[in-house]
Amino acid sequence: MFIEDEELRTLYRNASEDHLDKLEAGLLHLEKHPDDLAKLEALLRATHSLKGDSRMLGVQDAETLTHQMESLLSAIDQGERKLTPSLCDCLYQGLDALRKIAHEAVTGDSADVSVFHVLAQLINADDAPTLEPVPDASMSLVAVSTPSSDKRELEHTRSQLSIDPMEPDLKTVTPVASPVKPAAIPAEISNGKSKDSEADRINTVRVESAKLDTLMTQAGELAVTKRRIAHRIETIEKVLAFWEGWSQAVSAKRQAVGPLEQSLGPEGLIPLQELQQLNEGRLEQLGELLKQLHSKAHEDSAQLETISSDLETDILKLRQLPLSSLFNLFPRMVRDLAKQQGKHINLVIEGGETQADKRILEEMKAPLTHLIRNAIDHGIEPPSERIVTGKSPTATIYLKAYQMGSRIGIDVVDDGRGLDLESIQQTALNRGLYTQAELARMSAEQIQNLIFAPGFSTRTTVTEMSGRGVGLDVVRVNVEQLRGAIQVHSTPAQGCTFRFSLNTRLATTAALILTVNQTPYAIPIEFVDVMMRVDPQDVFALEGSPTIHYQDHPLSVAWLTDLLDLPVSVTAQPRALSVEAKPVSCIVLKVGSERLGLFVDDLLDQQDIVLKPHSKLLKRVRNIVGATILGTGEVCMVLNPQDLIKSTQAGETDAGAENRSMTTAPKAPPKVLLVEDSLPIRTLMQRILIGAGYRVTAAVDGLDGLDKLQGEIFDAVVSDVEMPNLDGLGLTSQIRQYSKYETLPIVLVTTLAKEEDQRRGAEAGANAYITKGDFDQSLLINTLRRLI
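Count along the sequence shown starting at 1, add 22, and that's the number in this note's numbering.
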């Protein structure tokens, strides 16, 4: 793993070198002075800090090894283990591996470390008196027999490292003391010869998925190039038409010079005839060349069409995987979580054979995990409650996949208690998302969809179980990044269904090109229900919103210029209900069951586009999902249909703007106190918070944070837990001793992920407890927005 950001890369290099040097020197000291508990505590701090830095910056291999080394040192500190020579050897091997991994993270050079082998040595440190050198990635993995207390840890690590499930079962294979040695090579093969060349032929090649991604992107670019060539053919046709007109004009002029020839006589006629013949000859040659060019361009375009389509289809097939490879991750998770909550749950998987692009499998893991956790935590009732309501004590969660033409559907269905609409409405009121009057006008389906609002959660505490209080906005964002849609349907006391609709064409997408104010925009065609012309006199007001009749039902309409905060165009002004106004182009968008009519200036074309996502600096731009380059070479913004519909529901049009006060002073950005002792993590967290619009004051430990808190006014505190001088729990407890800080939001962000640690955080007075595992910036930002 290579750290892309230069500043963070430098910080990690310096911090990791410092931590590793301290660890090596401390181990050397402890070998001679095993009773020096102070030195052991220093080693624990260094290991914990290196683990935290590695986790936050995405150096997962380093995080995995430091986690196990920290566990070993903690066991020594608690008297559960002795610092034996073999254990020291294992820890040194771990340090050697960590140095290589850290070097890879800051240079990009391959570490060639078999993390699984090193981890196996660490877990079985007391079982093997001698150790092999740190293996490189090309060596075979060692199959080890693990003590019962460490089996779960090793199995968890194997799943984290994506070890091939066809590897030998770690629980049953006999232990070996050294890496597996290769078998003797037959003489025929070692001499470059084979007895059976056909049998030994290599029929498969392993390709990195990143290379397939690159090929898919290039195939998409080829599709755009194909469109550009089609435009060039149109240009050639225009030139050919111009030539034909020119030839006709020359022929007409020749007939008009008859009287002139008689007046010039023979002497003057010859030069004029020569000039005429020269022009006609060159025109004829030009015509032949244009016709040949036109014919060849058509042939090349047709061949390119065939090749590019076949190439895209073949690459798509290479990237296809059965959804069972994703679905099979969940049975164990459901079993463990159900047992943890004292519930009986049966997971039924259907349609696992459905093929999907590998990126869909990658991007859908987190949303599906979130929904299944949510179902177990929120939706499924305890067995006693289910029996009282006449249900089976064993609940059922269905995970289904199916093909829908060119799209894939995935359903997550449970037979639990369903969504609590009253609780959803009350949460929306409490957080100021909507007024009572606005909620009263909403249908049950619209109220259900409020659960996808940023940071929306009916829970008052953040837990690991069902998304840590972030709500389902993360699910919606991930699905939209795949150009998909999500619907929810709930029946009280019967259950809830979440339905995903995903596009199978991820490299290119069919889009409708439209114009507003002489500027082109694109809308993914899968969200376009119909295109039509609307007479301005057919627009009427319903509950203060412009509306038309569509399929015998009222349909809300809006002007794209309003939603994009653009000047009002001349052509799209049906709001002036004059008799003279001409019919206006209208696009009916459909996202799930929601529809919206969108007035635009003109509809240009439908074509395949390559969607260019926003820069990382522009993670979220309202109403815009990305950009593309059209066949004409123009840059074109791609609209986000989900955002457009939400914008109208939130009243973000000119009509809504007129009701807003123009004299309200803008609010100052919230101010956050960040307390973190690790410089790399502190720098990264500052960037995340500042990028989200917060003002940030940083403190290096708990005491420093307490001093800064008393000198300034803050809207929230974000703190690490394990720090020198005063840790995060002590800081939280001291803050809560002051009545003026009674309601100040405090978020603890730490690597300590046990339930006992979370309970201690809640008892100290923290509003949210976020573990750094699987950390992403939206988790922290959404939590802060919910609390401030």
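These are calculated hints, taken from the structure and not from any lab test.
Given the structure is predicted, the values throughout are model-derived calculations rather than measurements.
Any given hint might turn out to be false.
[Unchecked claim] Capping the alpha-carbon separation at 30 Å, the derived lysine-lysine pairs in BS3-like fashion look like this:
#: 1; residue 1: LYS762; residue 2: LYS730
#: 2; residue 1: LYS233; residue 2: LYS634
#: 3; residue 1: LYS730; residue 2: LYS248
#: 4; residue 1: LYS380; residue 2: LYS248
#: 5; residue 1: LYS313; residue 2: LYS339
#: 6; residue 1: LYS339; residue 2: LYS361
#: 7; residue 1: LYS61; residue 2: LYS762
#: 8; residue 1: LYS233; residue 2: LYS248
#: 9; residue 1: LYS260; residue 2: LYS248
#: 10; residue 1: LYS776; residue 2: LYS104
Cross-check of the supplied hints:
1. LYS762 to LYS730: Answer holds: LYS762 to LYS730 is near 15 Å, not above 30 Å.
2. LYS233 to LYS634: This hinted pair holds, its Cα atoms lying about 18 Å apart.
3. LYS730 to LYS248: Violated - the C-alpha atoms of LYS248 and LYS730 are around 61 Å apart, more than 30 Å.
4. LYS380 to LYS248: holds, 26 Å
5. LYS313 to LYS339: Violated: LYS313 and LYS339 sit about 39 Å apart, past 30 Å.
6. LYS339 to LYS361: violated, 39 Å
7. LYS61 to LYS762: violated, 40 Å
8. LYS233 to LYS248: holds, 22 Å
9. LYS260 to LYS248: holds, 19 Å
10. LYS776 to LYS104: Given that 30 Å is the threshold and the Cα spacing comes to 25 Å, the pair holds.
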